[in-house]
Amino acid sequence: MPLDNRIAVKFPEPLRTHTLANMRDHLTALGEIQASMARGDYDAAADIAEKRLGMSSLEAHGAHDVARFMPKAMQDAGAAMHRSASQFAVVAKDSSVTGDWKAALGALARVNQTCVACHAGFRLE
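First residue of the sequence shown: 1, per our numbering; consecutive thereafter.
For the record, the hints were derived by calculation from the structure and aren't laboratory data.
Keep in mind that the hints are not guaranteed to be accurate.
Said to hold, decoys possible - Label-pair distances were calculated between CB atoms; the ranges are:
no. : residue 1 : residue 2 : range
1   : D100      : A67       : 33 to 39 Å
2   : R24       : D76       : 20 to 26 Å
3   : R24       : S56       : 17 to 23 Å
4   : D4        : E32       : 45 to 51 Å
5   : V116      : A35       : 16 to 22 Å
6   : A109      : N5        : 23 to 29 Å
7   : M55       : R123      : 33 to 39 Å
8   : D4        : T98       : 41 to 47 Å
9   : L3        : D41       : 41 to 47 Å
10  : M1        : T98       : 45 to 51 Å
11  : G31       : T98       : 20 to 26 Å
What the hints assert, rightly or not - No more than 25 Å apart at the CA atoms, straight line, and that leaves these computed lysine-lysine pairs for PhoX-like:
no. : residue 1 : residue 2
12  : K93       : K51
13  : K10       : K93
14  : K10       : K72
Using N, Cα and C, we set each Cβ at its ideal position, and we do this for glycine too.
Please work from the sequences and hints to get the whole structure.
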């Protein structure tokens, strides 16, 4: 079995449970975004991204409460995900006007890449 070389990050139990629930919601949101894009509803995809993943979602997720338990690199990775989601929302809104779904798909891939990078580097305990 390969070694798990991710950095273990200890959160107090209530925040750990809360954070894991937020991450599961992030996955759900990504699925809803993809479904919206498949229907050609880029405005809905943008709204989901901004409200559930983007910079405007930080307060709802309690980001301030958990950030103090994160190493700086993990904070940076989380901020990158939230920024990329907000950037996707802008590109997706543009796609609703231009019909260029490729730009939106590329922006969504960048959101996913930020998730993968964080999960590859860190694990909650």
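So, going through the hints one by one against the coordinates:
1. For D100 paired with A67, a C-beta distance near 35 Å keeps the hint of 33 to 39 Å intact.
2. Checked against the hint of 20 to 26 Å, the pair R24 and D76 passes, with Cβ atoms roughly 22 Å apart.
3. Between R24 and S56 the CB atoms are about 20 Å apart, so this pair conforms to the stated range of 17 to 23 Å.
4. The hinted range of 45 to 51 Å is not satisfied by D4 and E32, whose Cβ atoms lie roughly 30 Å apart.
5. Look at V116 against A35: about 20 Å separates their beta carbons, and that is inside 16 to 22 Å.
6. Restraint check, A109 to N5: a C-beta distance of roughly 25 Å satisfies the suggested window 23 to 29 Å.
7. Checked against the hint of 33 to 39 Å, the C-beta distance between M55 and R123 comes to roughly 25 Å, which is inconsistent with it.
8. Between D4 and T98 the beta carbons are some 43 Å apart, a value that agrees with the proposed interval 41 to 47 Å.
9. About 43 Å separates the C-beta atoms of L3 and D41, a value consistent with the hinted range of 41 to 47 Å.
10. At about 48 Å, the CB distance of M1 to T98 agrees with the hint of 45 to 51 Å.
11. At roughly 24 Å, the beta-carbon separation of G31 and T98 lies within the given 20 to 26 Å, and the hint holds.
12. Pair hint K93 plus K51 holds up; C-alpha atoms about 14 Å apart against a cutoff of 25 Å.
13. Only pairs whose Cα atoms come within 25 Å are accepted, and K10 paired with K93 is rejected, the gap being roughly 38 Å.
14. Restraint check for K10 and K72: the C-alpha separation of about 14 Å stays at or below 25 Å, so the hint holds.
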